[in-house]
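J.: Residues per chain are reported as follows:
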Amino acid sequence: MDSKKLPSIQSIETKHMAERADLFRALRSLDRRSFLKVSAAAFGAVAAKGLLPPHSFQPVSIAHAETPTRTVESFRFAYISDSHLYDRKINDRFVNALLRAVDDVNAMNPQPDFVFYGGDLAQLGQRAELELGAQILKNVKAPLRMMVGEHDWYFDLGEKWRSLFGQPQYSFDHKGVHFVVLNSVVEKDFWTARGLTPMQRMRTVAGLDNGVQSSFTVGTEGRSWLENDLRGKPPSTPLVVFSHSPLYKLYKPWNFWTDDAEDVQAILRRFQSVVVFHGHTHQMLTNRIGNIHFQGFLSTAWPWPYAPQGLPELTVEMGRPDPFDPNDGCGNGSVLMHPDGLADIVQNLWNRNPVTISRNYTLSNGKHDKPPVPALRSF
Amino acid sequence: MNTHSIRPTLLMAFLLGAGIGAACGGSPPMAPAPPPAPPPAVPATVAPVPAASASSSSSAGTEVLLCDGQTKVLVPEGTPGTAVAGSLMSEWLRKNPDANWETEERERHTLQPAADNADLVGQVSGQTYGKITAQDVALWKAETERTSLEGSRVFHSSDELGSTVGVSCDMCHPHAANTHPETYPKFQAQLGRVALLRDMINWCIQHPVRGKPLASDDPKMRAVEAYVLAQRKGKPLDYGRH
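Chains as they are written, first to last, in the working numbering: chain A, 1 to 379; chain B, 1001 to 1242.
Next up, chain B with everything else stripped away, as it sits in the complex (with noise of 0.2 Å):
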């Protein structure tokens, strides 16, 4: 099971393929980036491998290293870049297998879509926002979904979960119904003292599904929170309701 937070995506290795970003390799997509390393000496054969760097020529071909500094390729001289560029995206895609996770995920459960703030394009607001494009908008919901979907996959897998007693939280709560988050934080009557959504979450964790409780900012209780509230669009909050 993987249980680094952030699993390698399409969108990654894009970027790699695109030559954006030199963090590859299970770094956060928002850490800042190293800055880019200066262009590679590549042989006028081979010539526009973005973010590829040659390593080695030989009379049987050229290996191509991907900026991974692991996934490589062997073409012969005179291949065409983008062929190349397909060869180490094929390699990287057969290591990486969980690369379509989000497509699956979405296929297996349901997502209520995040809002697609279709209204702002084009509109201009101040400094952080500057002009709005499609593309910012599309950005915003992709992200804030795959986090919604992260939490789809921890909350349909009592491997994730930790649980000793093959029970995860879909069992008794499917596509998240029943859980209720607009009405947190609430005086739970069971506990006898307020609890939030996470306290809830924790404690169906410790209890039904028998697993160890999750730090408040775990990725794992952070995006587990973020599916449950997903699921509930366009339910009026409605805290201490029971």
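So here's chain A without its partners, still in its complex pose (with noise of 0.2 Å):
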């Protein structure tokens, strides 16, 4: 891989950044007459479109409409996920997207309270890919929480991502709420038997429709690591569970699926409010199970398409992403914790609008506050 050659043209995506940063110059050196045209130039336009999205990246009033109970705190995150570095010899899209995507976040105002990183930092789990992306997440300005997915796992089974990031699995609170961090893409020994070196056996998890590999998990060790961790905490708790993979299932030729998805479930089922971030489907993904909620994040790199089958009923799908734009259907997103335990979460759809996804529209399965519904369709 290090023998490729770096491309000698320019890709889009850097001309993209430059031109960027040449307007981010440009605008500062604007006098404060010329900025309020502008801005206003801008609002005007937006209006016009009928383009205001409820929450999008302006600062949200914090939700004081709610009887405070118990000891809870709003409060809001952001997120970043699935950003599939290469070395940056060999592909300079994707670090741009991470770049971007840490733009976002250390531009939100107010700042989030941290940022949490949804796994798949790599792509093929080398140690450049991590430490490019652990360089990169350093300019996070909030603190940052980290997440494992399989593409940071399987060429040496979690040994430099720990290195970098510590344990994969671990637990804090904040605000009154409690945060839960799974390794859900544990999956069964295949490659011993048939004799594969790491680079065999990161290749086969990397590829979403090989069908060599063995089904996600969180596993018996980490169910019980669970279970332990949530022991004592009474049900009113407010409880969020980040996984990389769906914590239920869906498509299971992609593993937008967790095989031991109804297991974990039975563990959340006690607390009231239980809401299931994931990472792994890079698209926009929502979903209900009894007293759990479940929201899928975007991806930095690419979209997937949505799966053939088994799409809940309470998902919205992102609008069909535009392959001509190599930044349509990725992006970012943060989250507006409430004193419910319940979210709502803005998807940052780069180059598109924001789309928010209320804790109310889950709350009445779809009656109230539903997104708006894309005009193509998925294929």
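Keep in mind the hints are simulated off the structure, nothing from the lab. Since we're looking at a predicted model, the values are computed, not measured. Warning: the hint list may mix true and false statements.
Ranges between beta-carbon positions, derived for each pair [to be verified]:
id	chain 1	residue 1	chain 2	residue 2	range
1	A	D22	B	E1104	45 to 51 Å
2	B	E1091	A	E221	46 to 52 Å
3	B	E1104	A	S224	35 to 41 Å
4	B	Q1190	A	A18	19 to 25 Å
5	B	V1124	A	P374	49 to 55 Å
6	A	A18	B	P1213	23 to 29 Å
7	B	E1104	A	G166	36 to 42 Å
Note that CB positions come from ideal geometry on N, CA and C, so glycine has one too.
Got two chains here, separate frames each, mind docking them using the hints?
T.: The following block contains the structure:
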């Protein structure tokens, strides 16, 4: 891989980033009067198109309409996920996309309480890829929390990832909410019997449609860790779970799936409100199973198509991505945690209008606050 | 990386073993085969060794040469023909580790099956077909699926696609999802003109994959088209649809 030469031409993303930097430089040198003119024009254009999303990335007044219960405060965190970095010599596109996401979360005002990374920082689990990712993520101003994905793990079974980011399963408390981070990409050993090298193993797992690999699980070890972690917590504790794969069964051939999902859900069932956020699926994905609400993260690298079957009823698809816009269907987002332990998620689809999936939407089983349905559905 | 359009297959080896195809070593299976060579003079002791010529005989044994002119094994006098064929086969497999590529590709990436045409077996239909046998329909299916499998191999390999950025088709199109070949030709709004499926394959190869476009009749283009079409089996044609 290292033998590959740098592409001699500048990619369109590189040019885009350069143009963007120029624009920001130019904006900084505007005087106040011209700035007001520019921003008024921009506001007018947006208003004229009827494009004023309820939350988007404007600072949102924190929900004080709710009667504050318990000691939970409202707060906001941001997410970035699924960057799939190659070494920067091989591919600058995915690097630039992650840089863009870091810019986005750094530009949030007010700043999020923390930024959560949803896994698959690397494409092939290489040391150089993970180090590059860690280096870029150091630019995040808010505190950073990491989760592991299968692309980070199956070259050296997590050795490098752990040395950079610590244990893949951990929990923390923030403003009255209990957060749990799982390693849900545990696959049973398919490589030893086949005599696969670490790179062959990694490439097998890296192929979404590669049927040689096993299914994702949290695993017995992970589940007993989870049970221990939650032991003694009252059911009223607002609980947020992060897992790389969705903690339910959507579509097995692509591992949009966790094989022991029911067992994990059983552990979570006694809590009054649980929100599970997951990466891996690279698309807007909403689901609810009883008291458990599920939301998928966008990828910074590329969007996946929707699975041909098993799509949860609550899911409102994101608009069909345009391949001619390399960042379309990608993005990052933010989450507003409410005192009731449920969350509004803002999907910041790049070059599109952000989409808010409010807690009222999942709470009312889709009756209220339905996000806009795109004109072009997926094939 | 093997850049030949036709990869050695087990079937070819069997054909050689059965003494049918004298054309070996990378010729397309459909190419007219040269007339079979006259049966070589075989020492009586290693009698039935079809398609292999005994090139020399010595006190240590008999050297048997496969029709590729390269693969040879040395067998003691009196070795049964089946054993000689077995040795040649093992030697050939050792030199062609990719011989099982079809089985491996099928295991990795599910392929939609081609029509089995079972309803036609036993029927008679004119000059082209004659009486249609089970072997006929099996051959049609195997050959058709092989073309698609070759496409699957290219589709899933950034190296085969000539990507300069490590990107392959499956990274956005697992199992060729969201390729919708049934909607082409259509007016591709971003291009401002009508595009065929192969135009879009080439667009992807040039842009997200950042490789060189393929000629319309490039074996890789034909194979990728075959794979994409195979994977949308059962979808009604609806050209022009957005």
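J.: Return holds or violated for the Cβ distance of V1124/B and P374/A against the range 49 to 55 Å.
T.: holds (54 Å)
J.: Are D22/A and E1104/B spaced within 45 to 51 Å by their CB atoms?
T.: holds (50 Å)
J.: Quick one: are E1104/B and S224/A within 35 to 41 Å, going by C-beta?
T.: Distance hint for E1104/B, S224/A holds at roughly 37 Å.
J.: Take the C-beta atom of E1091/B and the C-beta atom of E221/A, compute their distance, and say whether it sits inside 46 to 52 Å.
T.: Given range 46 to 52 Å: holds, Cβ gap about 47 Å.
J.: Is it true that the C-beta distance of A18/A to P1213/B lies inside 23 to 29 Å, as the hint says?
T.: Distance hint for A18/A, P1213/B holds at roughly 26 Å.
J.: If I claimed the Cβ atoms of E1104/B and G166/A lie 36 to 42 Å apart, would that claim hold in this structure?
T.: Since E1104/B and G166/A have Cβ atoms about 38 Å apart, the given range 36 to 42 Å holds.
J.: Return holds or violated for the Cβ distance of Q1190/B and A18/A against the range 19 to 25 Å.
T.: holds (23 Å)
Every hint from the earlier list agrees with this structure, and none is contradicted.
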